[in-house]
Amino acid sequence: MARLKSTADLEKTRQKILSKRDPSRPCITVCAGTGCHALGANLVYEAFINEIAKNGLNKKVDIRRTGCHGFCERGPITVIFPDEICYLGIKAEDVPEIISTTLIEKRLVDRLLYEDKDGVKIAHEGDIPFYKHQQRLIFGSNQHIDPESIEDYIALGGYSALAKALSTMKPDDVLDTIKRANLRGRGGGGFPAGVKWETTRNAPGDIKYVIVNADEGDPGAFMDRSLLEGNPHSVIEGLIIGAYAVGSHQGYVYVRQEYPLAVSNLTLALNQARELGILGKNILDSGFDFDVIIHRGAGAFVSGESSALMNAIEGKVGEPRPKYIRTAVSGIWERPSNLNNVETWANVPLIIDKGADWFTSIGTEGSKGTKIFSLVGKVNNTGLVEVPMGISLREIIYDIGGGIPQGKKFKAVQTGGPSGGCLPESYLDIPVDFDELSKAGSMMGSGGMIVMDEDTCMVDVARYFIDFLADESCGKCVPCRAGLEQMLSILDRICNGEGKAEDIEVLEELSDVLQDSALCALGQTAPNPVMSTIQYFRDEYEAHIEQKRCPAGVCKALISYYIDPEKCQACKICLGECPVQAISGDKNIIHIIDQELCTKCNTCFEVCPTRFSAVVKISGEPVPPAPPYGTEVVRKKGKQ
Amino acid sequence: MAGDKGKALSAENSPTKKKRGNNKTATSKTTKGVHYEDERYSEDALNRMSERMGVPASQISHMLETLKQAAQDSDAIAKITDAYNGDKSALIQVLLQIQRENRWLPKSVLISVCEKLGVPISQAYRIATFYKAFSLTPQGRHGISVCMGTACHVRQAPRLLDRVKDTIGIQPGETSADEKFTLETVNCLGCCALGPVMVVDDKYYSNPSVHEIEQIVNACE
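So the protein lines, in turn, are chains A and B. Going by the numbering used here, the residue at position 60 of the first sequence is 60; the numbering climbs one at a time, nothing skipped. Going by the numbering used here, the residue at position 5 of the second sequence is 5; the numbering climbs one at a time, nothing skipped.
Bear in mind the hints are in silico, worked out from the structure with no lab data behind them. Any given hint could turn out to be false.
[To be verified] List time: in silico DSS-like cross-link candidates among lysine-lysine, alpha-carbon distance up to 27 Å: (1) A/K572 / B/K165; (2) A/K54 / A/K91; (3) A/K16 / A/K354; (4) A/K106 / A/K60; (5) A/K600 / A/K548; (6) A/K476 / B/K132; (7) B/K68 / B/K79; (8) A/K548 / A/K500; (9) B/K88 / A/K476; (10) A/K106 / A/K20; (11) A/K476 / B/K107; (12) B/K165 / A/K556; (13) A/K316 / B/K79; (14) B/K88 / A/K316; (15) A/K354 / A/K132; (16) B/K116 / B/K68; (17) B/K165 / A/K617; (18) B/K203 / A/K91; (19) A/K408 / A/K567; (20) B/K79 / B/K132; (21) A/K12 / A/K164; (22) A/K281 / B/K88; (23) B/K132 / A/K323; (24) A/K408 / A/K121; (25) A/K409 / A/K567; (26) B/K165 / B/K180; (27) B/K165 / A/K600; (28) B/K132 / A/K316; (29) A/K600 / A/K617; (30) B/K116 / A/K316; (31) A/K59 / A/K12; (32) A/K600 / A/K587; (33) B/K88 / A/K323; (34) A/K316 / B/K107; (35) A/K548 / A/K617; (36) A/K316 / A/K476; (37) A/K567 / A/K556; (38) A/K548 / A/K409; (39) A/K132 / A/K106.
Between the sequences and the hints, there should be enough to build the whole structure, so can you do that?
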């Protein structure tokens with residue numbers, strides 16, 4: 001495409017792209033997001049290419065490899081437009097049938113459709129409960145866009161918000177719109193973006209920077225990755241608009257090198273934008289110059305903190321520095337630097353395009369717009385969900401997420417990543433927004449939402465987060481470096497059955513110290529997982545300490561595996577699977593676990609057929625004596 | 001690059017090996033049965049040097065190979081630093097690229113990078129030890145990652161890690177003695193639906209059993 005010389009040029013180009021496209025022509029989209037990719041989406045895509053060629057459909061059918069569709073649980077996903085027929089969990093072998101049945105004979109392949117709990121098949125993606133309860137303003141474009149094609153983005157109206165801002169708005173107007181929209185930072189803090197932008201704009205100095213924070217380090221959160229991988233132009237467009245408002249001519253994207261696809265799609269997108277004159281000198285003839293540099297992060301959780309991230313961009317170790325002066329005023333090379341998260345930037349074009357009033361019509365009093373969550377853990381529909389602020393946790397987990405698998409009982413939901421907290425069932429009906437979650441002792445964070453069931457030990461979860469944070473602590477300030485180590489050793493002790501009566505109190509004291517005195521947000525919020533689990537699940541701590549019992553049967557030192565002689569049917573499965581040969585038995589001979597040899601690897605528990613459920617975990621009480629070797633199986637009548 | 005250290009080391013024994021065997025082996029590049037294209041490093045020349053210096057020829061050949069390697073490394077590093085215009089702030093980016101191509105950062109390489117960018121070696125070591133992406137020891141040919149993200153954790157990832165550790169006999173962060181495997185834990189791979197997940201050479205496996213792990217590992221060359 002030729003370089004766009006004006007905003008009118010952009011519109012002309014869009015019309016040209018649209019005129020070449022026939023909306024009624026079938027288009028097969030294959031999700032190639034991380035989840036689907038891991039499940040073999042590439043093989044499916046190749047199979048489609050081959051099968052289309054084989055049937056001579058090259059000129060009649062389009063195929064597009066897109067970013068994440070969100071419903072990772074049921075990948076690889078294919079949606080066939082314009083009818084929006086959604087096939088789930090498809091394999092390369094299914095492709096010939098899809099082509100012959102759906103594209104040629106125009107019939108549905110029933111077995112690949114979504115089936116609801118009443119057994120009703122659902123053909124359209126939007127009707128599937130997982131999607132029906134969402135409001136996918138930002139994430140919804142993913143499935144219409146080939147991330148490697150700027151044409152796809154422009155065809156959907158991409159960069160028109162930029163054109164609008166550059167040609168009809170002054171920087172102050174843009175700033176005012178974002179402020180009125182009350183867009184709050186999606187990275188975790190929830191700080192109003194407009195206020196931050198204004199601070200940078202008003203800060204002294206000619207050189208200013210705008211930065212995309214794509215150092216998504218929260219374990220269990222991957223929405224920023226999916227946005228950058230699936231729709232990189234939306235983030236770039238937001239960034240350019242922000243730069244215009246702030247008065248910056250240089251942008252950075254700090255992206256984890258662990259996300260190679262995001263890096264390559266972003267690099268490609270930046271080059272395409274440069275070729276079209278959307279980046280560089282005199283963008284769309286507005287007289288505004290701006291360009292972007294990618295900085296790959298080398299893997300450090302703490303580097304996602306604003307001052308640490310800026311240190312890293314300078315080529316130094318990504319450690320936080322004291323923020324007596326905000327980074328918005330003194331950031332990269334002590335110049336005003338405005339940092340926002342990927343999702344925050346992706347909201348900007350929508351707000352400019354549709355206006356602040358439209359944006360504020362969605363959400364709650366204090367939190368506007370939508371939020372993308374990664375709904376993971378012990379939930380039926382794992383995936384990325386975008387919901388309006390104010391929706392309840394229950395709606396997200398049950399209506400969208402489909403509840404807890406295997407009929408287990410819900411125990412807690414963890415939001416906000418390692419800095420967040422665990423909320424029990426009694427909090428399921430609170431509206432999800434920045435302030436409500438903080439009030440409940442958790443936080444919005446970047447949007448990780450990990451569901452836990454009755455088999456999750458809350459002390460172990462707290463220990464897991466503190467272990468993660470102690471490992472990721474940069475060690476610059478004493479409270480974080482030494483405090484987390486102490487907390488970890490106490491939690492380790494509790495999980496090992498060596499907890500002391502005063503441990504809970506000491507944990508609480510250490511938590512207070514960290515919150516008050518750590519240098520950066522990592523340390524200040526690190527106690528949250530411990531505080532919230534003590535607050536809501538104190539009984540579990542007490543069971544570990546006083547009764548040496550792990551109620552969920554997770555903490556290895558506190559559990560033993562035992563084969564119930566009355567239930568064992570001597571099927572020899574556990575016997576064969578045990579990696580340390582700790583199980584003895586034979587055909588018709590009840591199996592016995594040698595407690596000395598057992599490494600508690602959980603294999604026997606997992607492989608024992610559910611109709612027997614003979615392997616049990618025992619915690620807090622002695623293991624019953626096993627029957628003498630050679631005892632024959634008691635067969636239930638009629639079950640021979 | 002210096003990752004081909006294995007090559008340099010194997011060259012150490014080659015002159016003696018060739019002496020014992022037939023000089024006209026098909027693999028040798030010159031008629032004298034020496035690997036080096038450069039005539040100065042012919043077998044005779046090496047033997048003469050060895051006599052004069054009183055060190056075994058193999059040691060000299062190893063030394064020469066190391067020097068040659070260092071010169072090649074230096075050129076390769078210059079290419080990378082030049083791409084960033086020798087900018088000091090690109091140190092992390094330069095090291096990332098070397099790590100990716102070479103799988104680890106040898107001391108000689110760090111020194112060379114620091115000379116070219118004009119930064120103290122302490123800074124390179126600080127960065128190389130601070131970030132997870134860097135390794136100061138050689139990495140195995142096959143990378144095995146076990147995801148320890150929160151979603152995987154609640155789905156029993158620690159048990160999966162135990163199984164993997166027991167099967168290949170190394171701890172996370174370690175490389176097996178034959179440099180075949182490096183085991184590491186990662187915090188979220190973004191495919192939580194598959195959790196707990198193990199990744200071997202970019203292939204994803206959902207909750208593999210002990211037997212499956214054995215099969216996967218045995219299939220690696």
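**OP:** Find the hints from earlier in the document that the structure breaks and name them by number, from lowest to highest.
**Re:** When the structure is compared with the hints, none of them turns out to be violated.
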